[in-house]
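Student: Listed below, chain by chain, are the residues.
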Amino acid sequence: MDVRDKLTVLADAAKYDASCASSGSKTTRPGSTIGSTEGMGICHSYTPDGRCVSLLKILLTNYCIYDCQYCVNRISSDTPRARFTVDEVVSLTMEFYKRNYIEGLFLSSGIIQTSDYTMEQLIAVAKKLRTEQRYGGYIHLKTIPNASQSLIEEAGLWADRLSVNIELPTEGDLYKLAPEKKKPQIEGAMAGIRNKIDETKQEQKAGFKPPRFTPAGQSTQMIVGATDTPDVEVLKTASQLYSLQNLRRVYYSAYSPIPHADARLPGQSPPLVREHRLYQADWLIRFYGFDASEIVAEADQNLSLDIDPKLAWSLANRHYFPVDVNKASREELLRVPGIGARNVKRILNIRRFQSLASGDMKKLRVAWNRAKFFVLTADHNPALLNLDKLDLRAKAKPKTKQLLLFDAASSALSGEV
Amino acid sequence: MQSIHVDTFDDWRDAARRLLASGVSPTDVQWIGGAERSLFDDAPSPTAAEHGGRGTTPSVPKAFLELARYVACHRESGRWSLLYRTLWRLTHGERHLLQVTTDDDVHQLMQMRKGVSRDIHKMKAFVRFRKLETGGAEEQFVAWHRPDHRIVRLAAPFFARRFGGMHWSILTPDESVTWDQTSLHYGPGVPASEAPNQDALEDLWKAYYASIFNPARVKVAAMKREMPVRHWPTLPEATLIDDLLRQAPARADAMIQTNEGFAETAAHFMPERGDLVSLRLAAANCRACPLHQCATQTVFGEGSPSARIVLVGEQPGDREDIQGHPFVGPAGKLLDEALKHAGIERREVYITNVVKHFKFKETETPRGKRRLHQKPDSREIYACRPWLEAELAAIGPQVIVCLGATAAQALFGRDFAITKDRGNVMRTDWCDITIATWHPAAILRMQDASRQTQMRTQLVEDLTSVK
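In order, the protein sequence lines correspond to chains A and B.
Residue numbers for the first sequence, in UniProt numbering: 1 to 417.
Residue numbers for the second sequence, in UniProt numbering: 1 to 467.
Hint data in this document are derived by calculation from the structure and do not stem from the laboratory.
Fair warning: this is a prediction, and the values are worked out from it, not measured in the lab.
Please note that a few of the clues may not be correct.
Claimed, not checked - Straight-line Cα separation of at most 25 Å, DMTMM-like style, residue types lysine to aspartate or glutamate; simulated pairs: (1) A:Lys183 x A:Glu203; (2) A:Lys26 x A:Asp116; (3) B:Lys420 x A:Asp116; (4) B:Lys224 x A:Glu275; (5) A:Lys182 x B:Asp432; (6) B:Lys131 x A:Asp116; (7) B:Lys420 x B:Glu461.
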């Protein structure tokens, strides 16, 4: 099998990984000749699924001794298999990078032989890139479940980011679909990384120069929709991970229909809009001061699909409004639907010098069609009269209907979504 | 009214500084950018020098200079006068003007800066270097790119930092820049026709692009928003987009329809009552996996319903399949012996297998057909495991002994290595004392006599340890 064929198989197998971020390392590794990491990541291309291509996202191999039922690479699947050598991955990364196709490498792998052996192979790739190629670009390694702590620590010396996949939102889900993965082991690995990061930071504070250890922190990925666990549980797990393990990101990956999917999995994937809503909710938890349990307002414990979570919360908590944009605190402003964190900052700046009217809000490009029902402005805001009306939900709801997965697939020909 | 010609940010800054010092109001200046020179261009305009440098220039917020540097690269012709008007206001009583982003001038400047920043970002993203086949020792890379604004000088330092160890040039219609691994050199604009038109790596890159696209999720509008169509001509992968979209519905359908997993597991055949008698009756009709098609019958577990110890093997063999009882062939004889040595009565234990149907391959031998044992694959193990779990639930044993790797991996997980963890007492979800030891059949297959003896001894030891 030549490199092109391997690339086809091993990139295809990696396309279910949601992570694409390449930011978080503030400085480039000293001594690098090719490659930099400086703050914001760059998306180098976009595929017709609307997702960006920022990293060379591949598996070292898609052979796997595990049998996780949601995963196309599980041992019992008869998907075509391939395996890169360490040198092939190093060369692909360098050559792609030099042409500015990619922002870095995201390397994951099926488990071959043992967890430790597989982890050693991932480390070998990263180490070679750093030491032999003097590569300073982004590297994200996905740690192998059950790999030993010493190997994870070594990986962190070469990688910008490590991720340990939580895989499924609850222990029960894991038991059902990934019986070989255990939550305590997964969280143990995360805690190991967190401790090492904290240790490195403390040493830095104390004036020492410890070796770089995952400067872009750690992240995780969760498959959503493979079991009937409701969103509220998903979000609770996520916010625990943010607070206990200090994760930078939790990625939600809507379970995709995968080739040879196990019959116990749902035949269709949930609408992608659910994934989108989870990211919105995640954002509210991390940057807007919301608690996981208050975001989900629906009786079935899932996020509303037709409106965004902040709007849903506002409709369920109307006593909180109206909020006066010229007087309210930062925290209060952050809860207004249609007003984002950046605009809250701008509002606070502007109102030191002048008061804000409806027209100013529109100029700030807040989503006025949503925000107008919830705010007091310096001028008369007639939309506020609707705050106590029963049909507010219908009025505030965006007009465009989000397409579901299969509508999108069928509209692919026309190019319209 | 005076006219001022400026081409670059530095021109503008010099001129603005002098005008400001002379107290020239924005309404009294006409700014003419390089692209907008008129018929009267030949007439020398009064340059700032003619105004002299009266007084001191008031201090200007740093943020404004930063903003102006970006806006200066915008192609909008009104940028110079807008900048000067804002500068004027900043220095004439509206020092905090930049904070008031709802102000029309500030808003417009912010929009322009956003456009320039976005363009720089797109340049960082969509420049595609092509390697020149020069044959020289040093690799040479060249890219052609068409930015919206005049941003080459703003973006070039980024490429110098990133590709420091490379010789590269970026050519644009307005300006070109070359890095020789030491410094940046700027030159005139270059038409696309003068740039190299291929790179051997592009084929690999396209292969990657096509593979990473998930046909089950198509969002063309989102793609176009982030990757504007005007950049597509310089992106090698963009030529694939039409085909990928055309094939997407068929590929997505195939993904959904291909279903290699078994339709059912043993869970679908579970009886309402969970006692061993009901389980055995139900298991006799299990059709969860295809193994029932060739096997003679279901071989269910046997032994005491209140057994303290449950022994779990892999699957019935040839003899077991014909007789319908577990461990009655050669391996069963060996097990019986080992149990005796360990001081365990066979009728006191419960013996079963992970997989309840015999899996085999029929082969022709000189002495007729033979049914050769085949290891069950993980799909079969997964489909059959509910029976084992139901048996364990019905009995509630104090000890589980896994005979062989298949049984051990079914209960401990695929990472379990029998050579490493044989004989160690571990906890599982089913029982606090779970151990794994050799499968009697593995002992029988062992060619090395001394090793075989050792394995026999270990089997007895392991059984004795949990007696």
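Student: Does each hint fit the structure? Answer for all of them.
Tutor: The hints, checked one at a time:
{"no.": "1", "hint": "A:Lys183 x A:Glu203", "in the structure": "violated (30 Å)"}
{"no.": "2", "hint": "A:Lys26 x A:Asp116", "in the structure": "violated (30 Å)"}
{"no.": "3", "hint": "B:Lys420 x A:Asp116", "in the structure": "holds (14 Å)"}
{"no.": "4", "hint": "B:Lys224 x A:Glu275", "in the structure": "holds (21 Å)"}
{"no.": "5", "hint": "A:Lys182 x B:Asp432", "in the structure": "holds (17 Å)"}
{"no.": "6", "hint": "B:Lys131 x A:Asp116", "in the structure": "violated (38 Å)"}
{"no.": "7", "hint": "B:Lys420 x B:Glu461", "in the structure": "holds (16 Å)"}
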